[in-house]
Amino acid sequence: MGEGAVIKQQVVGKPKAVQLDFMPFKFCPGCHESLVWRALGEVIDELDIQGKAIACLDIGCSGVLMVGLAVDGLHCLHGRSTAVAAGVKRVLPQAICFNIGGDGSLCAIGAGHMVNVMMRSDPITTIFLNNSGYGMTGGQVAPTSLIGLRTTTTPEGRDVQSTGFPLHLSEIAATMLGTAYVSRVSVHTPANYQKARKAIKTAFQKQMDGVGYSLVEILCACPPNWGLSPLAANSFVEEKLIGEFPLGEFKNVDKIEYTVDPEINRVGRVKRG
Amino acid sequence: MADRRLLSGNEAIGWGAILGECKAFFGYPITPQSEILEFLATELPKVGGVFLQTEDEIAAVSMVYGSSMTGTRTMSATSSPGISLMQETVSLMAYLKVPSVIVDVCRFGPGSGMAQTSQTDYRQVTKGGGHGGYRCIVLAPSSSQECCDLVQLALWLADRYQMTVYVLTDATIGQSCELVDLKTRDFGALPDKDWVIRGLDARGGVRQGFHQHMWDYVGYHQDMNEKYREIAENEIKYEAYCADDAEVILVAYGYVSRMAKGAVDLVREEGLKVGLLRLITLWPFPTNTLRELGSRARRVLVVEHSSGLLVEDVECALQGKVPVHLLGIWGTHRRDSSGIIYPERIVEEIKQMESVA
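Chains as they are written, first to last, in my numbering: chain D, 1229 to 1501; chain P, 5 to 361.
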């Protein structure tokens, strides 16, 4: 920028909802989480919900992400962020409640809570980071690990005879009547980043409109645990991860349609006087 | 006129929750606790409260944590295996200093056990329950009236000390029906909840740390020890029955304390100087009172529906200065899980103990 130049319009900058000094920046080189962090910050700014957002952070690298987001938050135990967010939303419906967790949190130890918030249509939003393994504990096999992937607990590669097949949470979510919005995105190219941002925004909008539960699954690179360079890990997302976990919007409804059968409503142990 | 009703202990706990201004309840069905859940499913929404039956006790206590963090008076109720399932989050709430009330209508254990009465959870709840070396206040009602009153006290204590308070009952107390005066209890003013999480707007945009003690774990345990001392100084509750001249002191809580009271009445008719220390707070434990009563007594008999859990604390308090006897689960009238300890069996134990002396 030349001497004397005046900034007339700021077209890029740090989102207001992103706070860099709360804790040191802790992500590994090539990790995609900082992009998710930025996307979340941008969406929170755009929707102007920083003051009423409550984030429930799960255990794992996804929890590290949350400390840099300048919104109110709750520290949750491994897998429980979904239930905690649902509890907060029940007593504080005006808050925008969301939880962030990885594949270990949401597909393994906390999978039961995921199915149940979908079933109950709790109007919360889940940001689900899928990096095909356990990040923070050092690269163990996850329900989402690709078949054949060499993890520290499947040293010869994920073997379906022993550890089964990758779990597709978004596809499951799309089959549940209680979900309002389900999308799988990635952040490995600028174009995909923009789609991810849009998906997160739509998911929050569904909650704000009171439609029901919303889920955004974000495919993330994990270079250290994949044993790949940042660049190679980025390509691995494109070439392999998306192959197993196709991107797309699996569900997007503005209203969840259902009927109550009055005949059924007359049956049951509790008699109405 | 006073509102007087015939209530089971479980219903009385539900009423205590309503009168104690509990505004959210999350729980999962388990015998012998389910009536609490069913009562609040109907009654809590009527007073603007939130009720939810969750997918399990882990979700229930997770929601208790989330709800309580918003400043809402929140509780849950379960029975023994459910108490085990909740412990990870009870430990988290101890660390983060979150108020909560959890009712344990104790059933027979270990394992899934049986749904009938027992006191086999004493050690678990009085020693915190989960990992990490924390404590929880434990209140032990012995009647429907006390169920109603002590749940209100539990809600107050939880807010007062920012911690989990257990209300430990048993299947006998939970399922027996008695007359209850439905009264709102006032325990005094409470500190402001300046720690609540309700969005940045509610706090003028100021962000709050997730962990108060993230960089000072030593400080956490020192602070908590200070708080535990304060609780032990101020909150111990017990009932001493015919204890002033007692040469034999019975120690019991819950339904067993009712049986022990009956035993005291029976042996007093025969001129035996027997008294009862009925524990209302199991933690904090009335160490000094027991020590004083023990110093005037020849012996102490602990009666409890377990293999001997309360007896450990009694022995610890008495420091070997008075002989301590135990009538445990073998004192029940049947060997299956429907057995209970009757006054006559306690009388028999007292007489046998005294004749050997």
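Be a bit skeptical, because a hint or two may be false.
Cross-link-like lysine-lysine pairs, in silico, BS3-like; alpha carbons within 27 Å at most [said to hold, decoys possible]:
| # | chain 1 | residue 1 | chain 2 | residue 2 |
| --- | --- | --- | --- | --- |
| 1 | P | K27 | P | K101 |
| 2 | P | K50 | D | K1499 |
| 3 | P | K187 | D | K1280 |
Covered stretches of chain P (chain D as the covering partner; in silico rule of three or more C-beta atoms under 8 Å from a C-beta of chain D) [to be verified]:
| # | stretch |
| --- | --- |
| 4 | 57-64 |
| 5 | 70-83 |
| 6 | 121-131 |
| 7 | 224-235 |
| 8 | 338-350 |
Keep in mind that the hints were calculated from the coordinates and are not lab data.
Glycine included, each C-beta is placed from N, C-alpha and C at the ideal position.
Hint check:
This hinted pair checks out: K27/P and K101/P have alpha carbons roughly 19 Å apart, not beyond 27 Å. At roughly 18 Å between alpha-carbon atoms, K50/P and K1499/D fall within 27 Å of each other, so this suggested pair holds. For the hint linking K187/P to K1280/D, the alpha-carbon distance of about 38 Å lies beyond 27 Å, and the restraint is violated. Here the stretch 57-64 of chain P counts 5 residues with a CB under 8 Å from a CB of chain D, which clears the bar of 3, and the coverage holds.
Restraint check on the stretch 70-83 of chain P versus chain D: 6 residues with Cβ-Cβ distances below 8 Å, three needed, restraint holds. Residues of the stretch 121-131 of chain P with a Cβ under 8 Å from some Cβ of chain D number 0, which does not satisfy the need for three, so the listed coverage is violated. Coverage of the stretch 224-235 of chain P by chain D is violated [criterion: at least 3 residues with CB-CB distance below 8 Å; count 0]. For the stretch 338-350 of chain P, the proposed coverage by chain D is not satisfied: 0 residues have a C-beta within less than 8 Å of a C-beta in that chain, short of the threshold of three.
When held up to the earlier numbered hints, the structure conflicts with 3, 6, 7, 8 and fits the remainder.
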